[in-house]
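Starting from the given sequences, assemble the full structure and let the hints guide the process.
Keeping their order, the protein sequence lines are chains A and B.
At position 37 of the first sequence (counting the first as 1) the number is 37 in our numbering, and the numbers step up by one without a gap.
At position 81 of the second sequence (counting the first as 1) the number is 81 in our numbering, and the numbers step up by one without a gap.
If you're looking for bench data, these hints aren't it; they were derived computationally from the structure.
Note that beta-carbon positions come from the ideal geometry of N, C-alpha and C, so glycine has one too.
Just so you know, not all the hints are guaranteed correct.
Said to hold, decoys possible - A few chain B residues facing chain A, derived, Cβ under 7 Å: (1) Gly8; (2) Arg296; (3) Val335; (4) Ile341.
To be verified - Computed spacing ranges between beta-carbons, pair by pair: (5) B:Thr52 to A:Lys166: 42 to 50 Å; (6) A:Leu67 to B:Thr52: 34 to 42 Å; (7) A:Glu114 to B:Asp102: 54 to 62 Å; (8) B:Thr52 to A:Asn108: 35 to 43 Å; (9) A:Met233 to B:Asp327: 23 to 31 Å.
To be verified - Simulated pairs of lysine-lysine, DSS-like, Cα-Cα distance not exceeding 30 Å: (10) A:Lys143 to B:Lys232; (11) A:Lys96 to A:Lys143; (12) B:Lys207 to B:Lys218; (13) A:Lys50 to B:Lys338; (14) B:Lys207 to B:Lys232; (15) B:Lys218 to B:Lys110; (16) B:Lys4 to A:Lys243; (17) B:Lys207 to B:Lys195; (18) A:Lys224 to B:Lys338; (19) B:Lys338 to A:Lys243; (20) A:Lys243 to B:Lys365; (21) A:Lys165 to B:Lys340; (22) B:Lys4 to A:Lys78; (23) B:Lys4 to A:Lys69; (24) A:Lys78 to B:Lys340; (25) B:Lys195 to B:Lys123; (26) B:Lys232 to B:Lys324; (27) A:Lys152 to B:Lys338; (28) B:Lys340 to A:Lys152; (29) A:Lys143 to B:Lys242; (30) B:Lys242 to B:Lys338; (31) B:Lys365 to B:Lys324; (32) A:Lys143 to B:Lys340; (33) B:Lys340 to A:Lys243; (34) A:Lys166 to B:Lys4; (35) A:Lys50 to B:Lys207; (36) B:Lys324 to B:Lys338; (37) A:Lys152 to B:Lys4; (38) A:Lys70 to B:Lys4; (39) A:Lys166 to B:Lys338; (40) A:Lys166 to A:Lys70.
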Amino acid sequence: MYRGLPTIHPKRTKKPPKIFEGNGRKVPGRIDWYASIEFRGAHQLTRRLKDVEISFPIVYGTIAFWLGKKASEYNSHKWTVYVRGATNEDLGVIVKRAVFQLHPSFNNPTRVVESAPFELSESGWGEFEIAIRLFFHSDVCDKQLDLYHQLKLFPEDENGPQSIKKPVVVEIYDEIVFSEPTEALFARVQNHPAAIVPRLPSGLNLPPPGPVNNINEKKRGDTKDHPLNQWFMNFSEADELLKLAAARQYVQGHVGKLRRQLSMIDGLPQLSKAALGQ
Amino acid sequence: MDAKDILGLPKNPFPATQEKKPRPQKETQRKPDGVHREVYALTGGMAPLMPTIEVSHLKKRQNTEKEKISWQWLPFTSSARTDNLQLYHWVRVVNGVPPTGDYSFAKYNKSVDVVKYTDEEYKKHLTDPMWSREETDQLFDLCERFDLRFIIIADRFPYPRTVEELKSRYYAVTRALLLARAPSTGDVSGNPIVKEPYNMTHEVERKRALSVVLSQTKQQEQRDAEILAEAKQIMESRMASKSAEDVELPVNQIGNEGSEATAHAESISLLNTNHLSSSTAAPPTAECTSTPASLRMLRVYLRTHALEQMVQAANSSAGLRTIKRVDQTLQDLGVHLKPKIPTKSVCAEHLELRKEILTLLNLQKQLQNREAEASVNRDNSYAETPSTPKRSYRGDVERSLVPDSAGFGGDRVGKRDHKRKAPGRFTDAPPSPPQSKRPRKLKSSDG
Numbered sequence: 001m002y003r004g005l006p007t008i009h010p011k012r013t014k015k016p017p018k019i020f021e022g023n024g025r026k027v028p029g030r031i032d033w034y035a036s037i038e039f040r041g042a043h044q045l046t047r048r049l050k051d052v053e054i055s056f057p058i059v060y061g062t063i064a065f066w067l068g069k070k071a072s073e074y075n076s077h078k079w080t081v082y083v084r085g086a087t088n089e090d091l092g093v094i095v096k097r098a099v100f101q102l103h104p105s106f107n108n109p110t111r112v113v114e115s116a117p118f119e120l121s122e123s124g125w126g127e128f129e130i131a132i133r134l135f136f137h138s139d140v141c142d143k144q145l146d147l148y149h150q151l152k153l154f155p156e157d158e159n160g161p162q163s164i165k166k167p168v169v170v171e172i173y174d175e176i177v178f179s180e181p182t183e184a185l186f187a188r189v190q191n192h193p194a195a196i197v198p199r200l201p202s203g204l205n206l207p208p209p210g211p212v213n214n215i216n217e218k219k220r221g222d223t224k225d226h227p228l229n230q231w232f233m234n235f236s237e238a239d240e241l242l243k244l245a246a247a248r249q250y251v252q253g254h255v256g257k258l259r260r261q262l263s264m265i266d267g268l269p270q271l272s273k274a275a276l277g278q
Numbered sequence: 001m002d003a004k005d006i007l008g009l010p011k012n013p014f015p016a017t018q019e020k021k022p023r024p025q026k027e028t029q030r031k032p033d034g035v036h037r038e039v040y041a042l043t044g045g046m047a048p049l050m051p052t053i054e055v056s057h058l059k060k061r062q063n064t065e066k067e068k069i070s071w072q073w074l075p076f077t078s079s080a081r082t083d084n085l086q087l088y089h090w091v092r093v094v095n096g097v098p099p100t101g102d103y104s105f106a107k108y109n110k111s112v113d114v115v116k117y118t119d120e121e122y123k124k125h126l127t128d129p130m131w132s133r134e135e136t137d138q139l140f141d142l143c144e145r146f147d148l149r150f151i152i153i154a155d156r157f158p159y160p161r162t163v164e165e166l167k168s169r170y171y172a173v174t175r176a177l178l179l180a181r182a183p184s185t186g187d188v189s190g191n192p193i194v195k196e197p198y199n200m201t202h203e204v205e206r207k208r209a210l211s212v213v214l215s216q217t218k219q220q221e222q223r224d225a226e227i228l229a230e231a232k233q234i235m236e237s238r239m240a241s242k243s244a245e246d247v248e249l250p251v252n253q254i255g256n257e258g259s260e261a262t263a264h265a266e267s268i269s270l271l272n273t274n275h276l277s278s279s280t281a282a283p284p285t286a287e288c289t290s291t292p293a294s295l296r297m298l299r300v301y302l303r304t305h306a307l308e309q310m311v312q313a314a315n316s317s318a319g320l321r322t323i324k325r326v327d328q329t330l331q332d333l334g335v336h337l338k339p340k341i342p343t344k345s346v347c348a349e350h351l352e353l354r355k356e357i358l359t360l361l362n363l364q365k366q367l368q369n370r371e372a373e374a375s376v377n378r379d380n381s382y383a384e385t386p387s388t389p390k391r392s393y394r395g396d397v398e399r400s401l402v403p404d405s406a407g408f409g410g411d412r413v414g415k416r417d418h419k420r421k422a423p424g425r426f427t428d429a430p431p432s433p434p435q436s437k438r439p440r441k442l443k444s445s446d447g
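What follows is the structure in structure tokens.
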């Protein structure tokens with residue numbers, strides 16, 4: 001799936017420009033990498049790869065803690081809503097900013113998060129639907145993507161005791177799919193751990209991949225050491241695939257039987273006609 | 001309970017606040033229970049949320065600090081009146097000072113500025129073969145009097161003219177005058193009557209169409225709705241067939257590979273997730289072309305959304321009951337209606353499973369129909385048919401299928417009996433009654 005470690009491009013001998021250091025938002029490596037491929041015509045990079053899709057598995061949801069003794073009527077829980085990579089990799093590779101739209105009873109219900117990890121913490125007493133709008137970098141996509149999630153504060157067992165230590169976690173797995181990406185985007189993310197990239201047919205001449213992680217950035221965008229990561233769920237498709245395969249097998253078996261029966265019945269009128277002819 | 005939590009109300013019906021306490025106590029202490037029982041029934045057994053009237057307030061404050069207010073019957077004038085009619089009304093006088101200012105409703109007396117033309121202007125710009133000078137003058141006089149309320153103007157107009165004709169003449173004259181009087185055309189080009197002149201034929205047509213729509217009978221409305229629904233269905237089936245072409249997976253192939261399916265199931269547990277996307281039953285090339293045009297247009301979308309669209313497309317050819325049966329079958333098989341972990345391969349498998357179930361249901365229906373036909377033929381032809389073995393075989397299948405088809409078998413048996421009971425309807429009298437009436441028994445005895 002991944003092509004292994006990126007090779008150092010011979011032209012890229014200069015260090016990243018100083019102006020980008022210290023500013024966590026800019027990705028020095030990315031700018032530098034674009035510079036290194038200046039020999040390519042611009043039109044080639046905006047060419048789209050037909051029948052190709054790049055997908056990014058994500059997990060989004062909420063974790064809510066009861067405040068226990070400190071809980072008041074209007075502030076009974078503290079919660080965090082977030083969008084993370086499914087394997088906890090940095091989504092900042094494609095997401096420029098995330099806007100969380102909260103219930104209007106909150107102050108400034110439109111909260112903008114400009115960098116990964118895309119999360120928001122708040123406290124309150126009520127459950128409501130949070131709308132999350134993801135904006136992508138300009139070379140990725142100029143359309144936004146909306147996610148919706150119902151904040152859950154209270155555990156399934158309503159009458160059970162609430163615990164300060166054990167939060168109510170609701171996480172949803174999904175994948176962001178970019179269909180027919182530009183060659184430039186493909187080349188940029190083909191080695192990023194957050195991306196699922198197909199193997200391209202050989203003969204397609206793409207620029208070499210850019211650096212995967214940038215050590216110059218001060219703020220980490222990945223959630224591998226996130227304070228809440230002990231509550232993150234693991235999503236493995238194996239169980240679901242097994243279940244689906246078993247179901248398909250079962251159905252296919254019955255379809256086969258029915259086809260045989262049908263062919264038998266279709267043969268019958270001939271039989272009866274033959275008998276009549278006696 | 002939850003509602004009370006949200007509202008911040010204490011859980012017991014008698015709150016402990018200062019003001020509310022005396023009232024419930026008073027109410028329960030009074031002897032005539034009947035009245036207050038009903039009051040409690042009205043309020044739902046709770047004390048009111050807000051204090052309505054403070055009894056202490058009624059006693060204490062007599063509005064001593066405020067201004068002295070009296071009401072007087074005084075004459076007034078209104079700038080809206082042009083005659084000098086003297087009217088009177090009640091006025092709220094504060095501290096002996098009556099209010100000043102115009103009559104408060106005078107500001108609503110708005111009128112329209114209707115243009116006035118001179119004779120020269122008329123001769124120069126405004127002559128029209130359809131309109132005489134007198135008519136035009138009359139029209140403008142009425143426009144002024146009735147503030148451009150054309151329905152009234154048309155009613156009062158002495159000559160027979162339709163509303164659209166009057167409007168057309170008025171707007172044409174106003175427009176011509178504006179253009180003529182303006183120092184340059186640029187000055188008035190922003191004026192709406194200059195930009196979009198009144199189009200009489202268009203207006204007549206529009207009103208006619210509106211009246212046609214309004215006067216449609218219920219039947220016509222229903223017919224229109226039906227035609228629109230059909231058109232929509234045709235569009236959708238076109239879209240579906242387009243996307244079905246894109247998906248391109250041959251369903252027939254799958255029916256025969258029972259053993260291959262088990263091999264797949266085993267291999268799945270051994271391989272890791274990366275390889276699964278290429279080794280499942282769907283050929284890898286089909287995956288790339290399986291994105292319908294509508295999704296490709298989006299450029300970015302969620303996998304769950306894509307699956308929903310494709311499921312809808314697959315369901316578009318099926319009726320609502322069939323779709324419900326598909327969902328029921330999925331549930332019986334222990335599969336989530338919407339996958340919990342929607343990766344590319346999971347979604348592809350899910351979609352294929354749904355399609356296979358649809359095929360299964362279609363085949364069941366076909367089988368049902370064929371059997372009904374076959375039983376009719378059987379009764380008609382008195383032929384020896386291997387009905388006994390076939391029947392038991394079918395019975396096995398029905399029992400092992402998911403429960404919703406169990407009733408289905410029962411129905412069919414009933415049908416067959418019904419047909420057998422009335423053979424006379426279709427045929428002449430049978431030649432040898434024992435033979436025809438019990439073909440099966442004969443068959444089993446023959447061996």
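Hints breached by this structure: 15, 16, 35
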